[in-house]
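J.: Single-letter residue listing:
Number of protein chains: 2
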Amino acid sequence: MFHPLIQKISNFTQLDDGERRVLHEVLSERVRVFDPRHVLLQEGMSPQHVYVLIDGWAYRYKILPDGRRQITSFLLPGDLCDSHMFVLAAMDHSIAALSSVTVSEVGRESFVDLTTRSPKLARALWWDTLVSTSIQREWTVNIGRRDATERMAHLIVEIMLRLQSVGRAGNGAFSFPVTQGELADALGITTVHANRTLQSLRAAGLILLEKRHLTVLDLSRLKQIAMFNQRYLHLDE
Amino acid sequence: MFHPLIQKISNFTQLDDGERRVLHEVLSERVRVFDPRHVLLQEGMSPQHVYVLIDGWAYRYKILPDGRRQITSFLLPGDLCDSHMFVLAAMDHSIAALSSVTVSEVGRESFVDLTTRSPKLARALWWDTLVSTSIQREWTVNIGRRDATERMAHLIVEIMLRLQSVGRAGNGAFSFPVTQGELADALGITTVHANRTLQSLRAAGLILLEKRHLTVLDLSRLKQIAMFNQRYLHLDE
DNA sequence: CGATGGCTTGAATCGGCTCAAAGCTTGTGG
DNA sequence: CCACAAGCTTTGAGCCGATTCAAGCCATCG
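Which chain is which? The protein sequence lines are A and B, in order. For the first sequence, our numbering gives the first residue as 1, with consecutive numbering after it. For the second sequence, our numbering gives the first residue as 1, with consecutive numbering after it.
Keep in mind that the hints were calculated from the coordinates and are not lab data. Among these hints, one or two may not hold up.
Note that identical chains are pooled: a pair holds if it fits in a single copy or bridges any two copies.
What the hints assert, rightly or not - Straight-line Cα separation of at most 25 Å, DMTMM-like style, residue types lysine to aspartate or glutamate; simulated pairs:
1. LYS223 <-> GLU43
2. LYS120 <-> GLU25
3. LYS120 <-> ASP66
4. LYS223 <-> ASP128
5. LYS211 <-> ASP35
6. LYS120 <-> GLU109
7. LYS211 <-> GLU150
8. LYS223 <-> ASP236
9. LYS223 <-> ASP66
10. LYS223 <-> GLU29
11. LYS223 <-> GLU237
12. LYS211 <-> ASP55
13. LYS120 <-> ASP236
14. LYS120 <-> ASP16
15. LYS223 <-> GLU19
16. LYS211 <-> ASP128
17. LYS223 <-> ASP147
18. LYS211 <-> GLU25
19. LYS223 <-> GLU25
20. LYS211 <-> ASP17
21. LYS211 <-> ASP113
22. LYS211 <-> GLU43
23. LYS120 <-> GLU29
24. LYS223 <-> GLU150
25. LYS120 <-> ASP218
Quantities reported herein were computed from a predicted structural model and do not represent experimental measurements.
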């Protein structure tokens, strides 16, 4: 059983056994578990380590002074949060656990070490960061120019593909520990409207969603509705 | 007169004369000028060089199959487009000139050279990339959770601050070569509504905008309306 | 001086929001 | 192992911010 980060990276780079071992060691140094809703990193903080998700979901978010919340991304198994803090002075957003999560906690030194010792790993982590940015751009498009149904369809397809790349969504069925309120805050709509949007996708026979478990019934129609263009995920490189 | 990239970087790192000279040399190797609307980088391409804006604005954008366009960011003097292409296989979005632009064209080798020769410069460029990502996140919040007036106010404040960091917006007055249609596509609203929104800001005495020239009349009120939190720009590090 | 692209305005419409209440789950303590 | 609380989901009705469509205006440029 590999760490999902290793699995993700292996999709586009051939790691040799040595690299795989080094990475595995660093990721095994310290493993922690957090409850749902636990805030892993708070805006304003300057963390001295990186968390790498092993299991469960987390999310980045910002809260406006009047309470409005926007979730800016979902973090899935294999995702990193947040290597950039070694360069920037303070977090400009927060990160919290969505479900119960298991993470590798990697110290600043181990992380830097990793990248100096293996250029291939450095490049792989660099690739991962760039893909995250690309996903962030696509979210801007999603919220800015798609209507609620299209947004929801797009998000579902994105998550399915990202989960598949770490082997967590065989057959289009996977755990989906997101409330409708959280979905709403990710998509820039209200909870009520998220509910109605999900209903319409269910009614159209596109998805099955119950008890925090989602099944994609008609992927190609979902993609079509969302006008989904896979390129931004950079999966096939 | 310094290149705006040097000016931007100098805001947070002390570069010595040597570093400054090396950077200046690389940025002077080849300077090019493009007309408004010229597409600098097309989705799908795999560029072998980086453009660094010296003068004028550009923008990243994606177009959906049915013609809807979302501008995902504005590129101002001192901004880079697009170093990530040395790692990713193909552009997942396009970049075009908004106004007439002057750019430094830096070859892949020169760029890589720069970062291997000076760790401080490497770190500075790394910083710049991370700030861009942070701005992208804030755009997600802006479009997802602010109404049209707030969005417009937020964008104006952001651009003013970014221009100031490269010395192009003394006194809150600066060249603003963006049509209302482009503003609309950046903010996720329609041209008509962008127009009405601008009118209301003008009527409230917050801005002056005519002939592609913008003056911020009441910065603190604009910030207040936008619920602007400067942290995400990482200007004071 | 006609054409083109951008700006402005009005009126009707609609997607999504607000408010409110009720039904459901899930987890916890007695 | 039941009962209650808390949080999540669902539904209805009225409303509003933003869109659509349409037309007229204005500036610039070949």
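J.: Each of the hints needs a verdict: does it hold here or not?
T.: Verification of the supplied hints:
In this assembly of identical chains, the alpha carbons of LYS223 and GLU43 lie at most 25 Å apart only when taken from different copies (19 Å versus 34 Å within one copy). With identical chains, the CA atoms of LYS120 and GLU25 are at most 25 Å apart within one copy only, with a shortest distance of 16 Å there and 29 Å across copies. Taking the shortest alpha-carbon separations for LYS120 and ASP66, neither the intra-copy value of 45 Å nor the inter-copy value of 40 Å comes in at or below 25 Å. Taking CA atoms no more than 25 Å apart as the test, LYS223 paired with ASP128 passes inside one copy only; the shortest distance there is 24 Å, against 34 Å between copies.
Taking the closest pair of Cα atoms, LYS211 and ASP35 come within 25 Å of each other only inside a single copy of the chain (18 Å); across copies the shortest separation is 55 Å, beyond that limit. Taking the closest pair of Cα atoms, LYS120 and GLU109 come within 25 Å of each other both inside a single copy (18 Å) and across two copies (18 Å). For a Cα distance limit of 25 Å, the shortest separation of LYS211 from GLU150 inside one copy, 23 Å, qualifies, whereas the shortest one across copies, 37 Å, does not. Taking identical chains as interchangeable, the C-alpha atoms of LYS223 and ASP236 lie at most 25 Å apart only when both belong to the same chain, with a minimum of 18 Å there against 43 Å between chains.
Taking identical chains as interchangeable, the C-alpha atoms of LYS223 and ASP66 lie at most 25 Å apart only when they sit on different chains, with a minimum of 14 Å there against 35 Å within one chain. When the C-alpha separation of LYS223 and GLU29 is checked against a cutoff of 25 Å, the pair qualifies neither within a copy, at 40 Å, nor between copies, at 45 Å. Only within a single protomer do LYS223 and GLU237 lie at most 25 Å apart by alpha-carbon distance; the minimum there is 21 Å, versus 42 Å between protomers. Proximity of LYS211 and ASP55 under a CA criterion of 25 Å is satisfied intra-copy only: 18 Å inside one chain copy versus 54 Å between copies.
In the homo-oligomer, the alpha carbons of LYS120 and ASP236 lie at most 25 Å apart inside one protomer (18 Å), although the nearest pairing across protomers, at 33 Å, exceeds that limit. For a Cα distance limit of 25 Å, the shortest separation of LYS120 from ASP16 inside one copy, 10 Å, qualifies, whereas the shortest one across copies, 31 Å, does not. Proximity of LYS223 and GLU19 under a CA criterion of 25 Å is satisfied in neither setting, with 36 Å inside one chain copy and 48 Å between copies. Taking the closest pair of Cα atoms, LYS211 and ASP128 never come within 25 Å of each other, the shortest separation being 31 Å inside a single copy and 42 Å across copies.
Proximity of LYS223 and ASP147 under a CA criterion of 25 Å is satisfied intra-copy only: 14 Å inside one chain copy versus 28 Å between copies. Taking the shortest Cα distances, LYS211 and GLU25 never come within 25 Å of each other, neither inside one copy (36 Å) nor across copies (60 Å). Neither within a single protomer nor between protomers do LYS223 and GLU25 lie at most 25 Å apart by alpha-carbon distance, with minima of 38 Å and 47 Å respectively. In this assembly of identical chains, LYS211 and ASP17 lie within 25 Å of each other by CA distance neither inside one copy nor across copies; the values are 40 Å within and 62 Å between.
Within a single copy, LYS211 and ASP113 get their C-alpha atoms no closer than 42 Å, and across copies no closer than 53 Å, so neither meets the 25 Å cut-off. Taking the closest pair of Cα atoms, LYS211 and GLU43 never come within 25 Å of each other, the shortest separation being 31 Å inside a single copy and 39 Å across copies. Taking the closest pair of Cα atoms, LYS120 and GLU29 come within 25 Å of each other only inside a single copy of the chain (21 Å); across copies the shortest separation is 30 Å, beyond that limit. Within a single copy, LYS223 and GLU150 get their C-alpha atoms as close as 9 Å, which meets the 25 Å cut-off; across copies the closest is 32 Å, which misses it.
When the C-alpha separation of LYS120 and ASP218 is checked against a cutoff of 25 Å, the pair qualifies neither within a copy, at 38 Å, nor between copies, at 50 Å.
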